[in-house]
Amino acid sequence: MSDNLNSTPDPTDPAGTRAEIIAHAKSMVEKLENGDSLEAFKVLEELNRAKDVTLFEELGRLTRSLHNAITDFHIDIGLAQEDQKEISRISDASDRLGYVISLTEDAANKTMDMVEEAIPTAKKIQMTAADLKPEWDKVLKGEIDPAQFRALHTKMGVFLDGTITASEELSQSLSNILLAQDYQDLTGQVIKRVIQLVQELESSLVDIVKTAGTVEELAGIETSALTDDAKPATEAEGPIINKEKRSDVVSGQDDVDDLLSSLGF
Amino acid sequence: MKILIVDDFSTMRRIIKNLLRDLGFTNTTEADDGQTALPVLKSGSFDFLITDWNMPGMTGIELLKAVREDPGLNSLPVLMVTAEAKKDQIIEAAQAGVNGYVVKPFTATVLKEKIEKIFERIEGS
Chain A
4 MSDNLNSTPD
14 PTDPAGTRAE
24 IIAHAKSMVE
34 KLENGDSLEA
44 FKVLEELNRA
54 KDVTLFEELG
64 RLTRSLHNAI
74 TDFHIDIGLA
84 QEDQKEISRI
94 SDASDRLGYV
104 ISLTEDAANK
114 TMDMVEEAIP
124 TAKKIQMTAA
134 DLKPEWDKVL
144 KGEIDPAQFR
154 ALHTKMGVFL
164 DGTITASEEL
174 SQSLSNILLA
184 QDYQDLTGQV
194 IKRVIQLVQE
204 LESSLVDIVK
214 TAGTVEELAG
224 IETSALTDDA
234 KPATEAEGPI
244 INKEKRSDVV
254 SGQDDVDDLL
264 SSLGF
Chain B
639 MKILIVDDFS
649 TMRRIIKNLL
659 RDLGFTNTTE
669 ADDGQTALPV
679 LKSGSFDFLI
689 TDWNMPGMTG
699 IELLKAVRED
709 PGLNSLPVLM
719 VTAEAKKDQI
729 IEAAQAGVNG
739 YVVKPFTATV
749 LKEKIEKIFE
759 RIEGS
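Those sequence lines, one after another, are chains A and B. Count the first sequence with the numbering used here and you get residues 4 to 268, in order. Count the second sequence with the numbering used here and you get residues 639 to 763, in order.
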């Protein structure tokens with residue numbers, strides 16, 4: 004693990020470098036006080052050497068922790084076994100998300116199948132009932148003769164039989180629609196696992212970035228500040244998931260209509 | 639009335655197709671992005687185009703612009719039905735000559751209202 008991240012050189016000075024520098028400094032002052040400038044410069048050179056050694060040691064330490072962090076992220080270019088495992092975890096996540104798409108698509112199609120079946124059934128009941136209604140009204144008003152009544156009686160029997168069958172079909176379609184919603188549970192579980200993986204990867208990446216930053220700083224490498232490569236304002240973004248927090252998006256159809264009418268639509 | 643529905647998700651195409659059928663429009667054709675839609679539009683005499691924005695290949699806004707640049711298609715009424723909800727996008731679509739803009743998720747009533755409004759305006763002009 005990258006437990007040494009961002010830490011300053013150990014204050015207890017285990018390598019003894021600080022003690023060495025102090026000793027050199029003291030000896031340099033001593034030499035200067037004695038008027039021995041040449042010797043003092045030699046000590047200064049020694050000091051420079053000690054500085055370089057400290058720098059290299061620190062750089063080495065950070066490089067090691069960077070390497071560890073990268074290994075934690077399992078993206079070694081050498082494709083060690085661990086890495087393949089990680090890559091397969093990512094491809095596993097892609098597979099899982101693909102599964103979510105296919106499950107939601109199936110559910111949507113199943114639901115639409117049922118709705119398409121149910122609509123004509125409901126329409127048929129409605130139309131037959133609408134057809135019978137005027138004749139039934141005549142019965143209520145006593146404006147029907149026996150022959151008409153017998154015909155209506157038969158029609159009514161057929162209608163009732165038909166309605167029993169049709170409403171059974173409708174109930175069946177409705178419960179199938181209900182069952183088709185089971186995708187929510189299944190896809191929810193899958194998505195949760197993928198979110199977990201993304202979070203793990205993010206925290207490993209943050210470790211790498213932190214350590215790399217310290218190495219760069221110490222080595223005097225200057226990287227230009229991250230530029231905000233802003234996307235064109237009209238690039239497709241997909242559904243907006245945080246509408247209430249954004250001022251550049253419309254909150255719904257009413258907003259769209261207002262905006263368009265302000266443009267002369 | 640011949641209508642082309644362009645969306646990369648087949649379920650969305652199916653929903654729109656069903657809603658259109660309820661409104662009495664039964665002559666519909668489907669395409670899954672701008673690239674496949676454009677040749678279909680050019681080859682057939684379509685009266686109306688309903689398109690999504692975000693699609694692989696060729697997006698809806700590119701399709702709209704291509705339609706407006708084509709002498710044979712430039713007067714075709716276009717309704718955008720999309721999840722893209724940025725104000726700049728709506729303005730861009732308006733400037734590109736869209737006839738209506740519906741944001742997803744939408745209701746049957748909204749779709750009906752926008753389609754009717756487009757035809758009213760065309761008949762009125």
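Keep in mind that the hints are not guaranteed to be accurate.
To be verified - Computed list of lysine-lysine pairs in DSBU-like fashion (alpha-carbon distance at most 35 angstroms, straight line):
#: 1; chain 1: B; residue 1: 703; chain 2: B; residue 2: 680
#: 2; chain 1: A; residue 1: 248; chain 2: B; residue 2: 680
#: 3; chain 1: A; residue 1: 29; chain 2: B; residue 2: 680
#: 4; chain 1: A; residue 1: 195; chain 2: B; residue 2: 703
#: 5; chain 1: B; residue 1: 724; chain 2: A; residue 2: 246
#: 6; chain 1: B; residue 1: 755; chain 2: A; residue 2: 195
Keep in mind the hints are simulated off the structure, nothing from the lab.
Hints that the structure is at odds with (numbers, increasing):
Violated hints (numbers, rising): 2, 3, 4 and 6; every other hint is consistent with the structure.
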